[in-house]
Amino acid sequence: MYDFNYHRPSSLDEAVTLLGQGEDVKVLAGGHTLLPTMKQRLAAPSDVVDLSRIAALKGIEATEGAVRIGAATSHADVAASGEVRNRIPALAALAARIGDPHVRNRGTLGGSIANNDPNADYPAACLALGATIVTTKREIAADDFFVDMFETALDEDEIVTRVDFPVPRRAGYAKFPNPASRYALVGVFVAEGGDGIRAAVTGAGPCVFRVPEMEAALGHDFSPAALEGIKVDAGGLNADIHASADYRAHLVGVMARRAVEAALEGR
Amino acid sequence: MARDTGIGARVKRVEDQRFITGKGRYTADLNRPGQAHAAFVRSPHAHAKVGSIDKASAMEVPGVLAVFTGEDLAADEVGALPCGWAITSKDGSPMVAPGHPCLAQGKVRYVGDPVAVVIGETLSAARGGAEALEVEYEELPAVVDLDAAQSSDAPLVHDEAARNTAFEWELGDKAATEEAFAKARHVTRIDLVNNRLVPNAMEPRAAVGEYDSGTDGFTLYTTSQNPHVARLVMSAFLNIAPEHKLRVIAPDVGGGFGSKIYVYPEETVCVWASSKVDRPVKWTCDRAEAFLSDAHGRDHLTHAELALDEQGKILGLRIKTKANVGGYLNLFASSVPTYLYATLLSGQYDIPAIYAEVDAVYTNTTPVDAYRGAGRPEATFVVERLIEVAARETGMDPAEFRRRNFVTSFPHQTPVIMMYDAGDYAASLDKALELIDYSGFAQRKSQAAREGKLRGIGFSTYIEACGIAPSQAVGSLGAGVGLWESAEVRVNPVGTVEVLTGSHSHGQGHETTFAQLVADRLGIPMTNVAIVHGDTDKVQFGMGTYGSRSGAVGMSAISVALDRVVAKAKKVAAHLLEASEGDIEFKDGQFTVSGTDRSIDWTSVALNAYTAHGFPSADLEPGLKEGAFYDPTNFTFPAGCHICELEIDADTGHTRIVNWVAVDDFGEIINPMIVEGQVHGGIAQGVGQALLEHTVYDESGQLVSGSFMDYTMPRADDLPSFSLDFTVTRCPSNPLGIKGCGEAGAIAAPAAVINAITDAVGHEDVAMPATAEAVWQAIRKSPAREAAE
Chain A
1 MYDFNYHRPS
11 SLDEAVTLLG
21 QGEDVKVLAG
31 GHTLLPTMKQ
41 RLAAPSDVVD
51 LSRIAALKGI
61 EATEGAVRIG
71 AATSHADVAA
81 SGEVRNRIPA
91 LAALAARIGD
101 PHVRNRGTLG
111 GSIANNDPNA
121 DYPAACLALG
131 ATIVTTKREI
141 AADDFFVDMF
151 ETALDEDEIV
161 TRVDFPVPRR
171 AGYAKFPNPA
181 SRYALVGVFV
191 AEGGDGIRAA
201 VTGAGPCVFR
211 VPEMEAALGH
221 DFSPAALEGI
231 KVDAGGLNAD
241 IHASADYRAH
251 LVGVMARRAV
261 EAALEGR
Chain B
268 MARDTGIGAR
278 VKRVEDQRFI
288 TGKGRYTADL
298 NRPGQAHAAF
308 VRSPHAHAKV
318 GSIDKASAME
328 VPGVLAVFTG
338 EDLAADEVGA
348 LPCGWAITSK
358 DGSPMVAPGH
368 PCLAQGKVRY
378 VGDPVAVVIG
388 ETLSAARGGA
398 EALEVEYEEL
408 PAVVDLDAAQ
418 SSDAPLVHDE
428 AARNTAFEWE
438 LGDKAATEEA
448 FAKARHVTRI
458 DLVNNRLVPN
468 AMEPRAAVGE
478 YDSGTDGFTL
488 YTTSQNPHVA
498 RLVMSAFLNI
508 APEHKLRVIA
518 PDVGGGFGSK
528 IYVYPEETVC
538 VWASSKVDRP
548 VKWTCDRAEA
558 FLSDAHGRDH
568 LTHAELALDE
578 QGKILGLRIK
588 TKANVGGYLN
598 LFASSVPTYL
608 YATLLSGQYD
618 IPAIYAEVDA
628 VYTNTTPVDA
638 YRGAGRPEAT
648 FVVERLIEVA
658 ARETGMDPAE
668 FRRRNFVTSF
678 PHQTPVIMMY
688 DAGDYAASLD
698 KALELIDYSG
708 FAQRKSQAAR
718 EGKLRGIGFS
728 TYIEACGIAP
738 SQAVGSLGAG
748 VGLWESAEVR
758 VNPVGTVEVL
768 TGSHSHGQGH
778 ETTFAQLVAD
788 RLGIPMTNVA
798 IVHGDTDKVQ
808 FGMGTYGSRS
818 GAVGMSAISV
828 ALDRVVAKAK
838 KVAAHLLEAS
848 EGDIEFKDGQ
858 FTVSGTDRSI
868 DWTSVALNAY
878 TAHGFPSADL
888 EPGLKEGAFY
898 DPTNFTFPAG
908 CHICELEIDA
918 DTGHTRIVNW
928 VAVDDFGEII
938 NPMIVEGQVH
948 GGIAQGVGQA
958 LLEHTVYDES
968 GQLVSGSFMD
978 YTMPRADDLP
988 SFSLDFTVTR
998 CPSNPLGIKG
1008 CGEAGAIAAP
1018 AAVINAITDA
1028 VGHEDVAMPA
1038 TAEAVWQAIR
1048 KSPAREAAE
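Here the protein sequences come in this chain order: A and B.
Under the numbering used here, read the first sequence as residues 1 to 267, first letter to last.
Under the numbering used here, read the second sequence as residues 268 to 1056, first letter to last.
Please note that a few of the clues may not be correct.
To be verified - With the Cβ distance kept under 7 Å, some of the chain B side facing chain A (calculated, not the full set): (1) D918; (2) T919; (3) L959; (4) V963; (5) V971; (6) T979; (7) L986.
To be clear, the hints were calculated from the coordinates, so they are not data collected in a lab.
Keep in mind that this is a model prediction, so the values were computed, not measured.
Virtual Cβ for every residue (Gly too), placed ideally from N, Cα, C.
In isolation and in its complexed conformation, chain A is listed as follows (with noise of 0.2 Å):
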């Protein structure tokens, strides 16, 4: 690790100061991404802002429609919340399974969807449920916030400050996660809401993305058989020494359909 200089704020104004003050200045939330890039020297911030003493960033709360969720929120926070659990169990359930307790203690909300590693989990549930992802410029809609691989919507200076989620008739999340770092080879979050049906995968490709396909079918008959024969095309989808194009694209129709058993379960 090189050396940098470590800030603490305890507003999000001043953490919006310290983003515009230093040569390369970074955000740090869990910390599961940056510190151990950082440790491998493969990433050398002059600044770090640390976000986890601004209480203004952090808890669950539910509104008409909605679960607002603050971004500095742990994983583990977000899977034993009561209201999590009740109005979006689907959410609670992801929550649940990221990464090992370690992570999940430690690992953000705002982290996980900032970085938008292709193989988190958020990202689907953001996507599948048509959050908000509100800033501290702006609110960005979960279609326009996942951009590309590690990439988001998000200017330089700009912090997430929370995820609103709408509360869904139904949902269901399925994951097949990589057995070495527990990621998503492949997640697929499916929501039945106010705009109809979105299915959101995650894992198989570069970035989270929607099956028009799917959502089509499961709007005229909500079942795991409705997805029978439906097939994601296995070209640009990731392929890496844990799986190959073929088998995420197969992941992609059994992970569905489990997401969906997950829906009418309310699991």
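We have chain A already, so just place chain B on it with the hints.
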């Protein structure tokens, strides 16, 4: 004698209190006054000539104290790391085994090969210097694929090793085996991959080298399984310092699995460099470095054949194996695919003729050496896959087929050196069949099929050879060292006891089991016994811990030393009780004159041995301390039966082990809880090899699976609760009747898993690691596929 701590008692591990409360003292915890830090510059290329190294580029970094390269080591005549077991090729030529320079001498042969070391005031300075060091490389074509490495157009890893071949070795009777195959009714043929593994002990390697200019002596603190052997190699081959000027201390060590047997470049460089900079030099490996630089395990390609007669009796077995040794032949690397492998190819079976050919092949990859089981898992995988496939091909029940071919009388001389001394293979098989409810399997399988799951069952009736010995025998096979063990029992005047052992505990629980033996024999509380190990200045000599040898060999040495202590103590007691020595009985800590009520306790005898007031010193020396060097009369032969039952999710290929039965015969057992822990860990590692651990190099020789994000270690939720039991046939070749238990699980497990998966999918084409995708692909060409759908 308290029954709750004696031999056979489930005593909780006394060392765990300090380990789990953070009080363990590992090498990385040690910091010496004035200590500097080392960072190694490693080759980014699999194969390259090393050109000029611009030391000034690193020296400019603030805090850098020194930069050393291979030239500096050569100037001080620091030798290259040798291979310590000489193998002769079938044409009579010696193996081709160029030493491994601790820092590159003109050429690098794998990614991670050390090129230079930077010593800094701080770790950060050292790493900064290492990063800044400018090294010129001329890249050479790399040979990575084992199967292609012996072709005539493959690049040469070592110019002196034609066709990248270190040796072409054979064992067994070729003609007799050919004859057996000629008259066979059925021949089973299989091709197997034994996948390369990265050891990944929990504690990465570390070293602190310290030179004392006052005494001109060195101390090395290091993560070693055998500190005396490290000292011997550094003295005899590496020219660091003579043995009496070099103290090697291996304090608490967090797991080894073989990977810490060897002497490595880094620790050698640290101790050498400490005299160059006249400061202690510390190095701590990080996990990424460990993936590249710890000796790997396994990595075989094997073609195997089994000849059967019309009754399903085995007539002969032959194999041809290519063993990948990586860029250099490591310290014991030559023995692993030869005398620790082919000598076990008879398995638990009476096989009249066996012939094995093994080629050791260099590639531009990390060196491969012993890893938990070392050759025996590879042999068991070959034998147990062959047996299972042969049973299926001939339509026989795999349990029955095994039973039909078991060795049933002992001693049994196999065609491949080993003389099995004791065992009862049918007993462990029978017990295992009962525990797994074998007769109910068919019903469980059809139930699983109704749920879309493919259920399979697989056997592994393994044998291994532990406690590698006797020294004369291993010497005749090429070993560079003797394989005995030493012990010293020091009784203090108050009757407490220190036992100095040449065995080394790095997770095995010696401080508990060894103390149980001493407490049991001397009739004293375990708390009055200290086990001392891991320091060449305290323990006279030792061969260390590997090959499941600490119980069979290390404890036997203690046992002999205890006999001598008791004999001496009886002499003291005889004087004190004014009786003749022959009339003294020793039991439960009391010396009694036979047939009388006159007795004296252990503590009083110990005190009197040191006061020497009660006997004339002319007749009897004061003091109470005895030692032993114990050399067994044979290998030991643990054996047993593991059965794996699993279910495969037909949609994803994910395998879940639902039931695991292990019935092992380890001979006499000192602490069943610790033995069970060894079996659990061994199975976990074997399951890791079979299902999860995938070492992947790309074509250029870069290790692609070089982190825990990419290399899957087995975890608790990958494993079921194991159902363990034991059978006991006493080992006749050591006084305690112990056979050894440390490697059995890792030896047995892979074949059991793959036999179960191939049973489930209905064909034999499943390689390790059987990842979910590999199994999914196997299901797609499976006759069982329709059954599940």
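Structure-based check of all given hints:
At its closest, the beta carbon of D918(B) sits 5 Å from a beta carbon of chain A; the interface hint therefore holds under the 7 Å criterion. The beta carbon of T919(B) is positioned within 7 Å of a beta carbon in chain A (closest approach about 6 Å), and the interface hint is therefore held. The interface hint given for L959(B) holds, since its Cβ lies 6 Å from the closest Cβ of chain A, which is under the 7 Å cut-off. A cut of 7 Å between beta carbons decides the hint on V963(B): the least distance to chain A is about 5 Å, and the hint holds.
Interface restraint check: V971(B) against chain A, minimum CB-CB distance 5 Å, threshold 7 Å, status holds. At a threshold of 7 Å, the smallest CB-CB gap from T979(B) to chain A is about 4 Å, leaving the interface hint in force. The closest approach between the C-beta of L986(B) and any C-beta of chain A is roughly 13 Å, which is over the 7 Å cut-off, so the hint fails.
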